[in-house]
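**Q** First to last, the sequence lines map onto chains D, B, G and E. Mapping of the first sequence onto this note's numbering: position 152 corresponds to residue 152, and the numbering continues sequentially without gaps. Mapping of the second sequence onto this note's numbering: position 38 corresponds to residue 38, and the numbering continues sequentially without gaps. Mapping of the third sequence onto this note's numbering: position 193 corresponds to residue 193, and the numbering continues sequentially without gaps. Mapping of the fourth sequence onto this note's numbering: position 223 corresponds to residue 223, and the numbering continues sequentially without gaps.
For the record, the hints were derived by calculation from the structure and aren't laboratory data. Misleading hints may appear alongside valid ones.
Repeated chains share a single entry, so a pair holds when one copy, or any two copies, can fit it.
[Unchecked claim] Subject to a maximum C-alpha distance of 25 Å in a straight line, what follows is the list of computed BS3-like cross-link-like pairs (lysine-lysine):
#: 1; residue 1: 155; residue 2: 24
#: 2; residue 1: 53; residue 2: 24
#: 3; residue 1: 114; residue 2: 70
#: 4; residue 1: 114; residue 2: 24
#: 5; residue 1: 24; residue 2: 70
#: 6; residue 1: 245; residue 2: 155
#: 7; residue 1: 170; residue 2: 191
#: 8; residue 1: 170; residue 2: 114
#: 9; residue 1: 155; residue 2: 53
#: 10; residue 1: 191; residue 2: 114
#: 11; residue 1: 191; residue 2: 24
In this text, all values refer to a predicted model and were calculated from it rather than measured experimentally.
Listed below are the residues making up each chain.
Number of protein chains: 4
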Amino acid sequence: MTIRLGQNNYGKSRVRLLRVSRGKDQHEIHELTLAIRFEGDFETAHTRGDNSKILPTDTMKNTVYALARKNPVDSAEQFCGVLTDHFLGGNPQAQSVRVHCVEQLWTRIAPGGKPDPHAFVRAGEERRTAVVTATRAGAAIQAGVRNLIALKTTKSAFEGFIRDPYTTLKEDRNRILSTAIRADWLYAAGKIDFNGAWEGIRRTLLETFAAHQSLSLQQTLYDMGEAVLEQFDSIREIRLSMPNKHYNLADLSPFGMTNPGEVFIPTDEPHGLIEATLRRA
Amino acid sequence: MTIRLGQNNYGKSRVRLLRVSRGKDQHEIHELTLAIRFEGDFETAHTRGDNSKILPTDTMKNTVYALARKNPVDSAEQFCGVLTDHFLGGNPQAQSVRVHCVEQLWTRIAPGGKPDPHAFVRAGEERRTAVVTATRAGAAIQAGVRNLIALKTTKSAFEGFIRDPYTTLKEDRNRILSTAIRADWLYAAGKIDFNGAWEGIRRTLLETFAAHQSLSLQQTLYDMGEAVLEQFDSIREIRLSMPNKHYNLADLSPFGMTNPGEVFIPTDEPHGLIEATLRRA
Amino acid sequence: MTIRLGQNNYGKSRVRLLRVSRGKDQHEIHELTLAIRFEGDFETAHTRGDNSKILPTDTMKNTVYALARKNPVDSAEQFCGVLTDHFLGGNPQAQSVRVHCVEQLWTRIAPGGKPDPHAFVRAGEERRTAVVTATRAGAAIQAGVRNLIALKTTKSAFEGFIRDPYTTLKEDRNRILSTAIRADWLYAAGKIDFNGAWEGIRRTLLETFAAHQSLSLQQTLYDMGEAVLEQFDSIREIRLSMPNKHYNLADLSPFGMTNPGEVFIPTDEPHGLIEATLRRA
Amino acid sequence: MTIRLGQNNYGKSRVRLLRVSRGKDQHEIHELTLAIRFEGDFETAHTRGDNSKILPTDTMKNTVYALARKNPVDSAEQFCGVLTDHFLGGNPQAQSVRVHCVEQLWTRIAPGGKPDPHAFVRAGEERRTAVVTATRAGAAIQAGVRNLIALKTTKSAFEGFIRDPYTTLKEDRNRILSTAIRADWLYAAGKIDFNGAWEGIRRTLLETFAAHQSLSLQQTLYDMGEAVLEQFDSIREIRLSMPNKHYNLADLSPFGMTNPGEVFIPTDEPHGLIEATLRRA
Numbered sequence: 001m002t003i004r005l006g007q008n009n010y011g012k013s014r015v016r017l018l019r020v021s022r023g024k025d026q027h028e029i030h031e032l033t034l035a036i037r038f039e040g041d042f043e044t045a046h047t048r049g050d051n052s053k054i055l056p057t058d059t060m061k062n063t064v065y066a067l068a069r070k071n072p073v074d075s076a077e078q079f080c081g082v083l084t085d086h087f088l089g090g091n092p093q094a095q096s097v098r099v100h101c102v103e104q105l106w107t108r109i110a111p112g113g114k115p116d117p118h119a120f121v122r123a124g125e126e127r128r129t130a131v132v133t134a135t136r137a138g139a140a141i142q143a144g145v146r147n148l149i150a151l152k153t154t155k156s157a158f159e160g161f162i163r164d165p166y167t168t169l170k171e172d173r174n175r176i177l178s179t180a181i182r183a184d185w186l187y188a189a190g191k192i193d194f195n196g197a198w199e200g201i202r203r204t205l206l207e208t209f210a211a212h213q214s215l216s217l218q219q220t221l222y223d224m225g226e227a228v229l230e231q232f233d234s235i236r237e238i239r240l241s242m243p244n245k246h247y248n249l250a251d252l253s254p255f256g257m258t259n260p261g262e263v264f265i266p267t268d269e270p271h272g273l274i275e276a277t278l279r280r281a
Numbered sequence: 001m002t003i004r005l006g007q008n009n010y011g012k013s014r015v016r017l018l019r020v021s022r023g024k025d026q027h028e029i030h031e032l033t034l035a036i037r038f039e040g041d042f043e044t045a046h047t048r049g050d051n052s053k054i055l056p057t058d059t060m061k062n063t064v065y066a067l068a069r070k071n072p073v074d075s076a077e078q079f080c081g082v083l084t085d086h087f088l089g090g091n092p093q094a095q096s097v098r099v100h101c102v103e104q105l106w107t108r109i110a111p112g113g114k115p116d117p118h119a120f121v122r123a124g125e126e127r128r129t130a131v132v133t134a135t136r137a138g139a140a141i142q143a144g145v146r147n148l149i150a151l152k153t154t155k156s157a158f159e160g161f162i163r164d165p166y167t168t169l170k171e172d173r174n175r176i177l178s179t180a181i182r183a184d185w186l187y188a189a190g191k192i193d194f195n196g197a198w199e200g201i202r203r204t205l206l207e208t209f210a211a212h213q214s215l216s217l218q219q220t221l222y223d224m225g226e227a228v229l230e231q232f233d234s235i236r237e238i239r240l241s242m243p244n245k246h247y248n249l250a251d252l253s254p255f256g257m258t259n260p261g262e263v264f265i266p267t268d269e270p271h272g273l274i275e276a277t278l279r280r281a
Numbered sequence: 001m002t003i004r005l006g007q008n009n010y011g012k013s014r015v016r017l018l019r020v021s022r023g024k025d026q027h028e029i030h031e032l033t034l035a036i037r038f039e040g041d042f043e044t045a046h047t048r049g050d051n052s053k054i055l056p057t058d059t060m061k062n063t064v065y066a067l068a069r070k071n072p073v074d075s076a077e078q079f080c081g082v083l084t085d086h087f088l089g090g091n092p093q094a095q096s097v098r099v100h101c102v103e104q105l106w107t108r109i110a111p112g113g114k115p116d117p118h119a120f121v122r123a124g125e126e127r128r129t130a131v132v133t134a135t136r137a138g139a140a141i142q143a144g145v146r147n148l149i150a151l152k153t154t155k156s157a158f159e160g161f162i163r164d165p166y167t168t169l170k171e172d173r174n175r176i177l178s179t180a181i182r183a184d185w186l187y188a189a190g191k192i193d194f195n196g197a198w199e200g201i202r203r204t205l206l207e208t209f210a211a212h213q214s215l216s217l218q219q220t221l222y223d224m225g226e227a228v229l230e231q232f233d234s235i236r237e238i239r240l241s242m243p244n245k246h247y248n249l250a251d252l253s254p255f256g257m258t259n260p261g262e263v264f265i266p267t268d269e270p271h272g273l274i275e276a277t278l279r280r281a
Numbered sequence: 001m002t003i004r005l006g007q008n009n010y011g012k013s014r015v016r017l018l019r020v021s022r023g024k025d026q027h028e029i030h031e032l033t034l035a036i037r038f039e040g041d042f043e044t045a046h047t048r049g050d051n052s053k054i055l056p057t058d059t060m061k062n063t064v065y066a067l068a069r070k071n072p073v074d075s076a077e078q079f080c081g082v083l084t085d086h087f088l089g090g091n092p093q094a095q096s097v098r099v100h101c102v103e104q105l106w107t108r109i110a111p112g113g114k115p116d117p118h119a120f121v122r123a124g125e126e127r128r129t130a131v132v133t134a135t136r137a138g139a140a141i142q143a144g145v146r147n148l149i150a151l152k153t154t155k156s157a158f159e160g161f162i163r164d165p166y167t168t169l170k171e172d173r174n175r176i177l178s179t180a181i182r183a184d185w186l187y188a189a190g191k192i193d194f195n196g197a198w199e200g201i202r203r204t205l206l207e208t209f210a211a212h213q214s215l216s217l218q219q220t221l222y223d224m225g226e227a228v229l230e231q232f233d234s235i236r237e238i239r240l241s242m243p244n245k246h247y248n249l250a251d252l253s254p255f256g257m258t259n260p261g262e263v264f265i266p267t268d269e270p271h272g273l274i275e276a277t278l279r280r281a
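If we strip away everything but chain D, and leave its shape as in the complex, we get (with noise of 0.2 Å):
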């Protein structure tokens, strides 16, 4: 028998950074979790255990550090770039390079509502992701969010679905709605403000998922993505992944109290989950 080594890759994983932007006024902090992954020639490493077209995984690290020591860091998009970059350039055996960032985001603790130069809190629950693939014909440069959990109270109905011997959901037209927006989006060519592009569409993310009159969260998923793609010329497509977390109205029927939607039991599993991706004609 014949074995065949089909798609492969290797690189390190969980590499972290704190990078520090010591300004006169103030100082800037970027905190990154970064994946480095490789593709190219790599067949006799597996095959015959030969190294010698290896650059270890501690050496990807390394780099790391040192690159974000020779560079400023003013988005994770950039960062990824540079990391790219160095990395084909040296690297003759990798066909591709992708570099994965994970971002945790501070925002500036503000006494007294005036931002402290040096001393931050955590933003919130989501994180902001870029990753870069890049190869010797060009990169792709994408970016998004993950875990941006949402909830409104009203302006959502789900009704005139299918029924089967299995069905006993009832329709409902005011129903509690709630996701874990996960939105990765692509840019195209060109000179990108990453920070307000990413700033703009999650606010468009938020404002529509709080404006749409929902029939089902499919419909309000692709009017999100529409209203990303109307306002952000720079995005070619966006990917949504959004669970329907839901939050069942509790049955008070053998309390003998009514439940005008008020009490609501919340649940992790089992949800919903609405995939999609959106681009231009």
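For chain D, the structure is supplied; the task is to place chains B, G and E on it using the hints.
**A** Below, chains B, G and E alone, put in the same frame as chain D:
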């Protein structure tokens, strides 16, 4: 051999509730996870399987939903008190009832700066906590915050410590200081604005952390606790538990580089842990 | 601007099931967490909020419990197939149905070495997985294991790798090797003993890991995949994803001590990650 | 206002260690996560930032590795004692030193039933724990187990409980009983075979759980604790903390089906929680 039953308790944990108040102008929400615990005369349940004094934990859960319908939820502390009053009143076999509550905080989505009346986004990584422990002699009301993560890039030193044969740490006049604040405080008797107190104490903890010229995390912790006791007369004592979340300066000397406080390696483990209770003398 | 809906899917995740078979001599149990996913003709649900082709995810959940009553659960793979058959049969609007299953494994408590007919203890940290993806043209059956954590204290080297200006790693002839094996394999068509195959492949992975004279984790991974393909004709391809969970030799030289491979510092981050697919040529 | 410093402690948590003993015939390993905690004369560190009595937590961490080199690690309990002896001996400012240890258990990979001398697989989901708390008057040695998950499909009833207006639970003569055992026991003074005792107590807990005709989880817990105290003279007291991990019978009546104890819905929340300490009279 004779066996004796010592301290024992039972109850229901992870009872989740979303309480919605549908006001005319806007909706208010509280999302709570509750744990109820009885202590009392339960020896024969253990030794003989006699359940005649056991209120099922399933009933405890039902009671949370029923009482959330009968009562407004203004604060976690107030609703915990509603539950302890109910359980002590109806269960003579219980000598002590404790209700512990963790609140997931939500803030309004604010399109164009204008808060939406019905739509919310998760407020932060921290959780608000409340514990009411009640006997027929009275109730102790505690509140707190968990996982309030803060970081400062300056105004933190650590010098003049003991050196022994296993000490390698260098004195540091300007290190990163980061922690995940856990605070638990005890209210004095009397009428309390629980929501106002919680917001004020959270702000005081963060602002004191930001302003302090730290000689050690012990000293910063003490300063934070002292500020709370000085500014909030209703607080009798406060316990602070604060990990020292180390951000290690990356050693770039193997690459011929200096590192003037710009590139750090965040770590979760190992971490220091500083804990202390402060109270009025 | 025109927006196009690209790939999209929806379904129910984290549907949990315990299926008990109450045999005369002993009880059998399967504890599964299932995720069901439909792809198909769902465009108007997104664009118009038209739910007329939407089978509610709540119904998907109910169906799991109803079909678990109607059918025995012999293996995760077989039960996933029961579900995909049912959903494809009744839902012409679905072009593809995927059921993903994670099984929590239990082993019998065995007092005095004699397996108890009704009492179980959790078997290990790993999870058994199965995925059936079905269209009207046929079904692909995959299975796997997650988080199968192994470690060896010898027979692992890493030498002869690329050195660049950021390389500090020393060559190592005898390091600790540890990983958390994730394997996913694809079955060929035909009748399969899914439980026997799973047990055999798990054993083959572990025994090959133990026996291999490793020149790198890439080589060990390849050897493990090759052993599975050689020993199990029913497997068409296997993908292995294996972190390199580093155990760093503690540097005791500041204390005037050597460390001949006795004292190590386990770390979760950063970690290497090696991934590859092997298939029959 | 005068503030008083109450109970306070500091130390290093999550110090991870793998200790390898390279015996002639086979290697032995212990993987431990340690937490060290000092209490003592640390008031001026808090109030004045005076670090002259502070042994850095970084030194505590170094000490773990140095002492692991100087000493064999036969058991978690013994190694915790090595550490408390060392720290109390060299730190007159410390009045009490506590070392807490969580052990990740490994078992040998056994190709063809023959245990490999150097290769291991993670043993289970449970963790072995040990805590030594030492003052100059003596040391208390505790040990335990966490997250030992067990389930039985019969021999469990729950009847005859209190009914109040919020009770909906039905009496059940044959329910699923499942729990995640946490046990912590205190050793009497004297020479102890810590490894033998731990294995024996773990086995006793599981076998008693399996055999018991349960009228409630309280009764099962008591029976388990009693069995340990009866069989292990070296144990002075034991505390058991056992969630009631509910497996709810699926209601299939909407589909016209019965459910004779075959199809259950596992849940993590809410859960009951039963806790008790048993000791010799």
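**Q** Kindly indicate which numbered hints from before are broken by the structure, ordering the numbers from low to high.
**A** 2, 3, 7, 8, 10, 11
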